[in-house]
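The listed protein sequences derive, respectively, from chains D and B. Mapping to this note's numbering: the first sequence position 673 is 1413, numbers consecutive. Mapping to this note's numbering: the second sequence position 216 is 217, numbers consecutive.
None of these hints come from the bench; they were simulated from the model. Heads up, a few of these hints could be off.
A few chain D residues facing chain B, derived, Cβ under 7 Å [what the hints assert, rightly or not]: (1) 1178; (2) 1181; (3) 1182; (4) 1186; (5) 1187; (6) 1188.
It should be emphasised that the depicted structure is a prediction, and the values quoted were computed from it without experimental measurement. Ideal placement from N, C-alpha and C gives every residue a C-beta, glycine not left out.
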Amino acid sequence: MTKHEKILLTIECLILLLLLVRCFRPETHVLSLEGGAMTEMMEQEDGSILYEGESFSLKPGVYRVEMRSNVRDEQKIYVEINCERSGYQALRGNGVNVYPNQKYSSFEIFVTDKIEDAYVTCALYGGREELLGQIDIYRTAAGSRVLFTIVLFCFLAFDILMKFRRRALLGKISRKTQIVCFSLAVGVLLSCFPYFTDYFSFGADTIFHLQRIECLKNTLLLNFDFPVRVQNTWIYGHGYMVSVFYGDLFLMFPALLRLIGFPIVTAYKIFVFAVMALTAVITYVSLQRCVKNEKAALFGALIYLLAPYRLYNFYNRGAVGEYLAMTFMPLVCCGMYLLLSEETDSEHYKNYKWYMVGGMSAILQSHLLSTEMTAFFVAIVCLAAWRRVFRKETFIQLLQAVGLVAALNCWLWLPMLCMLRTGEFMVSNVFESQIQQIGIWFARLVQWVPNSGTTHLGIKSADAIQIGVAATLILMLYGVLRWKKEIGKTKRELLLLLGLTLLSVVMSTKYFPWDMLAQIPGVRFFATSLQFPTRLMAPATVFSSWFAAFFILQLEEEKREQLAKGVFAFFLALAVFAGMYQVNSISSRSVASYFYTAENTGTISVGNGEYLIDGTWVRDYFYHDPVAEDGLVWSDYEKKGTDISIIVRNTTPTDKCLDVPLIGYPGYMAVGESGLKEPYIASERGEHEDLRVVIPAGYEGTISISYEGPLIFKVSELISAVSLCLLFVRMAWKGRKACQKK
Amino acid sequence: MSEEVIKKQADDERKWICAMGLLALLVILFPLACPYLMEGGKIQEWLVRVQQSRLFLDAEVLSDAGMPFSALQSGLFCLPFSLIYKITGNPVLAYRIFMLLLQVGTFCSALLMFRKLFAKEDNRRGVFWGVVFYITNPCRIAVCYDAADLALAVVMMLVPIVIYAVVDLKNEMDWKAILAGALALAGIGYADGALFWVVLAGLLLVCLITGNLRGLLTVPPALLLFTGGIVRTIHYLFGNDFLKLGIDTQPIAANGYYPGELFLFFHAPGKLPGMGAGLFMALLAGAWLLLVENAHEEKENRIFWGIVVVGAAMSLKYFPWNYVEHIGEWASRLVTFFQTPVVFWALAQICLCVPAAQSMVQMGRKKEKIQGICLPLLIYIVCVALTVWQCNTLTYERLPLL
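Based on the sequences and whatever the hints tell you, model everything.
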């Protein structure tokens, strides 16, 4: 490290230290406002009465607004913090609804510049000021934590860039590597373009995933659960078992950003940027490992990064699970390619399976349906290359990969399977749909201009569900060159990739006989669970970009350098222009939302409600206190997420039931005071499938209810934990052995 | 270079030119991938003619169907597709076959015309450029798909055959050319009777100015073949049939172009179509070659330029159509049947492609790679890319009709 670098590092550490100290400031109380002190302003058009509080000033920072209220049935309050005069977007926050029986609510607002005249407004529906309890505003240390994090990342980015520049100037980083880094960085920035704004545009599923992040953060904060199984604040505090069916591992990152104090949308945008960057790196490294040619790897990576279907998943659909899974699909391709193409006696042969393990694990943690598709195509490849698969060492490595994926991810898939087998969940009904009619028309395959559409059906205003004009034309060019015998005999991998691309594209259309396949027992589940065939565009995108890379490789190996250069330059330019067109189209057509306050979205954006108990609907739920049978008295009720503490007294000679405001998922435990007959969770559920606790006759004391999960959950977590530990031990042992050898 | 090498190079060039030409044709067919008829333009008129399956529709039928301005058009080119519709009951299939034949027919007619024009050396390149410029012309694509003025589209398909016949007859007496020209001219008449007179007038003027009296031999057989149409035209322009349509004579100047719009690079939905970026770039290259590099200009281009200038002038908002109407009531009625002066610019496009192709041939002869290879390649890419964009935007924006 040079002298200048040491000085710079010292200054950076000092600044960070100063900022770190500010992160531990206690909350300061800014304002207390009684409901009775608010002034009635007017009756609004929708019949609500608007109340306004006295004005107050706010310094830059993050504020928590707490509200206590007496809202009853048929009543509602909409609370908002406003200001008269301020700098541009100085107050960033949205209003929040307070629902019937919701005695306590809390939300955040973000102030970026000093505001002199902020004030609280409450719109009351169905009542007057007696609904309002008290509003308290606290200034939190979240702003300091956000500042610290931003400064930390800025310093890290600066240091890395300076280090990179120094190494490049010293000739330690080759020109090719510099070009690769620059190109991938430009590709990432281009693909993130629609989010470089101070507003947000929602995709179809974005709200659902934003709520997943927010509720994950709340569950980590309130209940200290890990792994999270039931996310607590969903559905008016009843909890939602989304984490069992939909891996949350990668959402820990934006949840962590939320814990630090970033607004939900900022956390999400940072997450998207990180995923784009990770996609670029993973795809390039995977391709480079296989083709061993920087130009071909860069070509394939950029075509994949800017693929229309990928960008459509990010911005039009907001399909977090699917685009996360697409990030890791190249790893699986890399693993399969190396295991099948390399010689079994090569030095690092046994290490190749880790690409498969890493890729499949990450896909499983991201999106179940993508796992299904990946497994299907892995099976196809194994069938196509069966001779190679049944080489002894290859077969062993593949089996080991399967075993490792199963063991390391046991904590996710085993509980999921157990819950699915109960048949109690709505998700079983979703799998019954016929999907053929929602495949794409052939016309969509020649819809080369990637417009940001408004529907995935039909052709008019249709989304860009395609592999992209560059990938399509490369396939056509290959066909023409082969037909004219301009290129030599096709390599097997190129042929396989071509076949897989065409197969997955055809499967995504409405011409593939999905409905006929759904009649076949055993195949039905897989044929209908996809929900829509257009998901097959994800593997099609992967295969077509890999095809592009291997095509360049073949041209170079046949010494067709001019043609390789021409194909590289032209199709890359085409991919970049098409990507630019698409992000521009997305940006210009999307609706801008100034969304900052996570609580504004409410708690019921569950989409189709796949993980509710079958027979219930989200609209059945509402905030409510525990409901006790006659003879049962309760008091001191406290609810922290999915943890409930309550004192009950059963004065009757029979057991009585208490229904608590939690969805009755399997796995809740009720613990009473020691020495008394234990209360227990009933097998039947209460109204709208609420959790029912049986209080034994004569019981008097505190009951603690929390979600522990069935025994199988614990076993699966243990298996995964042991597998991970053994893995670390083995890696450490191998590393030590390698060091000793050196 | 040995003869074999030259022959191989020529063969390779021929293959590439064929492939690129076919690619240009392929992208024109993209809207046919739609499994439905797209609404908009005059597609309803085509449907009515297919459903009625008659050569000429009565004034009352035209008025009821909301197509009085199409009185001078016939259903001749719709008859085979009426049959397909009646057999299959599938109007989308009938439309797809019609449009496929129209586009392929336009490709072939343009090929015929440019092969005659570029009969000397560099035949292939001139033919290639002429055909590509014409079939990817935004005006022509807008006529076929956006406006769905299928009568005008048929006219634009047949005009190259007329030009081919006239050019062929300039050099020698050729009965096949006379027949082709006559059939094409008559076909234009049956497609759109109003435009028949425009094309006829243009043909007469061109033949007289260039002294190509043999070219006039196509006229009498054409008139003979188009007798039915002539009678109908007389009834509508001079008789009372016009009144039965329930429309008044109306000026068309307001629907014309502003001068700048003639040079628009592409056709945006709802706007008027321009000449396209590819054609514009080619003409610009031609102007460069002529003015800066003193390249030789073909004398024949002047007549094509003349037609283009006249067509452009007639398509402008400022053209004095009111003076034309003073000639007589029949002239007013004829102008009414034109509906819009945009048709003249559309008809002039084929002539615009000739000097554009010429300039690309000259550019292709340059030894420098940028001028000789890169620029022509760029222009080709621009033509195809804008066509893809236009066709994709059409299918993206249009609602299904059937």
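Going through the numbered hints above, which ones does this structure break? Give me the numbers in ascending order. 1
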